[in-house]
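Those protein sequences? They're chains A and B, same order as listed.
Just so we're aligned, residue 1 is where the first sequence starts under the working numbering, counting upward by one.
Just so we're aligned, residue 1 is where the second sequence starts under the working numbering, counting upward by one.
Rather than coming from a laboratory, the hints here were simulated on the basis of the structure.
Please note that a few of the clues may not be correct.
Each pair of labels, with its calculated beta carbon distance range [as the list claims (entries may be wrong)]:
| hint | chain 1 | residue 1 | chain 2 | residue 2 | range |
| --- | --- | --- | --- | --- | --- |
| 1 | B | Glu209 | A | Arg223 | 48 to 56 Å |
| 2 | B | Asp184 | A | Arg223 | 35 to 43 Å |
| 3 | B | Glu142 | A | Phe62 | 34 to 42 Å |
| 4 | B | Gly225 | A | Glu231 | 35 to 43 Å |
Now the stretches of chain B that chain A is said to cover, found in silico as 3 or more residues with beta-carbon under 8 Å [to be verified]:
| hint | region |
| --- | --- |
| 5 | 11-23 |
| 6 | 43-52 |
| 7 | 55-66 |
| 8 | 108-118 |
| 9 | 140-151 |
| 10 | 188-197 |
| 11 | 211-224 |
Even for Gly, the Cβ is constructed at its ideal location relative to N, Cα and C.
Protein chains: 2
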Amino acid sequence: MQDFLQERRTVRKYKNERIPQQTLDYILKAGMRASNCGNMQLYSFIITKDEEKKKQYAPLHFNQPMITQADVVITVCADINRFNHWCEINNADKSLNNFLFLNIATIDATIAAQAITTAAESKGLGVCWVGTVNYMADQIAEFLHLPDGVVPVACLTIGVPDENPDLTERLPLDAVVHSETYKDYSDQDIRNMYEAIEENPVNRGYVKENNKENLAQVFSEVRYGKAGNEEFSERYMKFVKSTFLKQ
Amino acid sequence: MQDFLQERRTVRKYKNERIPQQTLDYILKAGMRASNCGNMQLYSFIITKDEEKKKQYAPLHFNQPMITQADVVITVCADINRFNHWCEINNADKSLNNFLFLNIATIDATIAAQAITTAAESKGLGVCWVGTVNYMADQIAEFLHLPDGVVPVACLTIGVPDENPDLTERLPLDAVVHSETYKDYSDQDIRNMYEAIEENPVNRGYVKENNKENLAQVFSEVRYGKAGNEEFSERYMKFVKSTFLKQ
Numbered sequence: 001m002q003d004f005l006q007e008r009r010t011v012r013k014y015k016n017e018r019i020p021q022q023t024l025d026y027i028l029k030a031g032m033r034a035s036n037c038g039n040m041q042l043y044s045f046i047i048t049k050d051e052e053k054k055k056q057y058a059p060l061h062f063n064q065p066m067i068t069q070a071d072v073v074i075t076v077c078a079d080i081n082r083f084n085h086w087c088e089i090n091n092a093d094k095s096l097n098n099f100l101f102l103n104i105a106t107i108d109a110t111i112a113a114q115a116i117t118t119a120a121e122s123k124g125l126g127v128c129w130v131g132t133v134n135y136m137a138d139q140i141a142e143f144l145h146l147p148d149g150v151v152p153v154a155c156l157t158i159g160v161p162d163e164n165p166d167l168t169e170r171l172p173l174d175a176v177v178h179s180e181t182y183k184d185y186s187d188q189d190i191r192n193m194y195e196a197i198e199e200n201p202v203n204r205g206y207v208k209e210n211n212k213e214n215l216a217q218v219f220s221e222v223r224y225g226k227a228g229n230e231e232f233s234e235r236y237m238k239f240v241k242s243t244f245l246k247q
Numbered sequence: 001m002q003d004f005l006q007e008r009r010t011v012r013k014y015k016n017e018r019i020p021q022q023t024l025d026y027i028l029k030a031g032m033r034a035s036n037c038g039n040m041q042l043y044s045f046i047i048t049k050d051e052e053k054k055k056q057y058a059p060l061h062f063n064q065p066m067i068t069q070a071d072v073v074i075t076v077c078a079d080i081n082r083f084n085h086w087c088e089i090n091n092a093d094k095s096l097n098n099f100l101f102l103n104i105a106t107i108d109a110t111i112a113a114q115a116i117t118t119a120a121e122s123k124g125l126g127v128c129w130v131g132t133v134n135y136m137a138d139q140i141a142e143f144l145h146l147p148d149g150v151v152p153v154a155c156l157t158i159g160v161p162d163e164n165p166d167l168t169e170r171l172p173l174d175a176v177v178h179s180e181t182y183k184d185y186s187d188q189d190i191r192n193m194y195e196a197i198e199e200n201p202v203n204r205g206y207v208k209e210n211n212k213e214n215l216a217q218v219f220s221e222v223r224y225g226k227a228g229n230e231e232f233s234e235r236y237m238k239f240v241k242s243t244f245l246k247q
């Protein structure tokens with residue numbers, strides 16, 4: 001068996017097989033067992049299993065096929081609604097509707113989502129993190145009937161794997177790890193770190209296809225271009241102000 | 001052996017034993033293997049091992065003893081500095097200095113931090129997430145010499161466990177899990193969900209000690225009071241504007 005911590009890969013193709021409820025419960029409990037701020041559990045897990053619902057959900061994820069093909073889709077949300085409600089009926093202040101706790105609840109939801117991922121993978125299941133959730137948070141909130149104070153953070157598609165893709169490339173370990181203090185990079189350091197990724201034939205193909213000079217331009221001007229990022233960024237800010245940060 | 005996914009506990013007391021470099025590398029590699037947006041790896045791991053450095057670091061974490069007692073402290077950061085530098089030397093736009101990517105890089109750093117946590121726990125090590133990192137991000141950035149574009153997200157203390165604490169309480173699974181759409185709570189739902197936590201003798205003790213009417217007030221007026229949260233929230237916003245969101 002692969003070491004699922006060391007040789008972890010994203011799985012986007014799934015067999016048409018159900019995940020037993022017992023396994024799903026195991027996975028969700030692992031998410032709830034992970035570390036979280038003050039044990040306030042500022043998160044909720046929305047489970048999408050219904051076929052029709054998945055079909056309706058897919059366009060909000062730019063129709064990526066994992067949404068309909070996976071047996072289970074879990075949208076993990078930062079959630080102060082439950083906690084606020086508890087405060088309300090106890091005549092207690094509401095103190096979490098600020099940027100600090102948006103950050104903390106986002107982190108705690110992510111910890112839970114990664115714990116769910118690892119637990120699923122430990123049971124031989126395949127998982128894909130669907131990043132569109134951050135771009136489309138406002139519309140997804142509407143679709144999932146999220147009340148004020150609940151922000152989608154992660155979307156996981158989970159199913160029985162129908163592929164075992166090659167490991168994707170990574171930067172060398174010492175490009176990411178710093179000893180004691182951050183050691184900033186020279187131009188030559190950066191060139192050396194990215195060389196293997198730039199030389200990868202698939203990536204060279206992307207540069208050519210997109211008529212760009214190099215891979216950095218493919219990333220920052222095609223895939224994650226400034227104008228698009230800023231548009232989604234404003235949408236996201238507007239959304240969190242209207243829900244999580246609301247007075 | 002405990003199921004480290006299902007019976008996970010925070011470990012705050014460590015033996016005076018070293019973690020072998022090979023184990024540390026295994027753990028860090030697991031962090032790098034986890035899912036991340038577009039494989040851009042927008043994170044850095046700062047390792048604090050030096051005794052003197054840990055002593056200096058501790059006050060920035062309100063002198064919590066885990067910082068000096070753990071063999072290794074890992075500060076996991078959201079990082080667009082490396083990626084920006086790559087863009088710069090490739091004549092490519094810088095497109096990530098916005099709120100959307102602060103959120104995405106925070107999520108990716110957290111995924112990596114949780115993957116590091118699980119890998120450490122799978123090797124029998126004990127881990128504590130030190131939440132002060134989010135409160136003190138500005139000063140921690142200075143201490144760790146973080147350049148513009150690098151924001152501390154998670155701080156993990158890791159060592160050989162010298163305690164095996166009881167599992168902490170959690171809300172019931174169905175308080176956190178929603179089927180298909182978010183099912184908002186009635187007052188009675190909330191009362192039922194929190195009952196076991198409120199009745200816990202330790203928590204009842206906190207209510208008494210703090211002269212409060214109930215546990216919700218202890219959380220939202222003592223531990224995570226509004227004024228303090230808002231002060232730290234403003235500091236955090238000011239900090240991320242001066243570094244990550246900088247034009």
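Hints, one by one, checked against the model:
In this structure, Glu209 of chain B and Arg223 of chain A meet the distance hint of 48 to 56 Å, their C-beta atoms being roughly 54 Å apart. Checking the proposed 35 to 43 Å range against Asp184 of chain B and Arg223 of chain A shows it holds: the Cβ atoms sit about 37 Å from each other. One distance hint, 34 to 42 Å for the beta-carbon pair Glu142 of chain B and Phe62 of chain A, holds here, with the actual separation near 40 Å. Here the CB-CB span from Gly225 of chain B to Glu231 of chain A is close to 37 Å, well matched to the stated 35 to 43 Å.
With 0 residues having a Cβ less than 8 Å from any Cβ of chain A, the region 11-23 of chain B misses the three-residue criterion, and the hint is violated. A stretch counts as covered by a chain when three or more of its residues have a beta carbon under 8 Å from one of that chain; for the region 43-52 of chain B and chain A the count is 8, and the coverage holds. Only residues whose C-beta sits within less than 8 Å of a C-beta in chain A count toward coverage, and the region 55-66 of chain B has 0 of them, not enough to reach three; the restraint is violated. With 7 residues bearing a CB less than 8 Å from a CB of chain A, the region 108-118 of chain B meets the requirement of three and the coverage assertion stands.
Three residues within the 8 Å Cβ limit are the bar, and the region 140-151 of chain B against chain A gives 5, so the coverage statement holds. Counting residues of the region 188-197 of chain B whose CB lies closer than 8 Å to any CB of chain A gives 4, so the stated coverage by that chain holds, three being the minimum. For a cut-off of 8 Å, the count of residues in the region 211-224 of chain B with a CB near a CB of chain A stands at 10, and the three-residue condition holds.
Violated hints, in rising order: 5, 7; the structure is consistent with all others.
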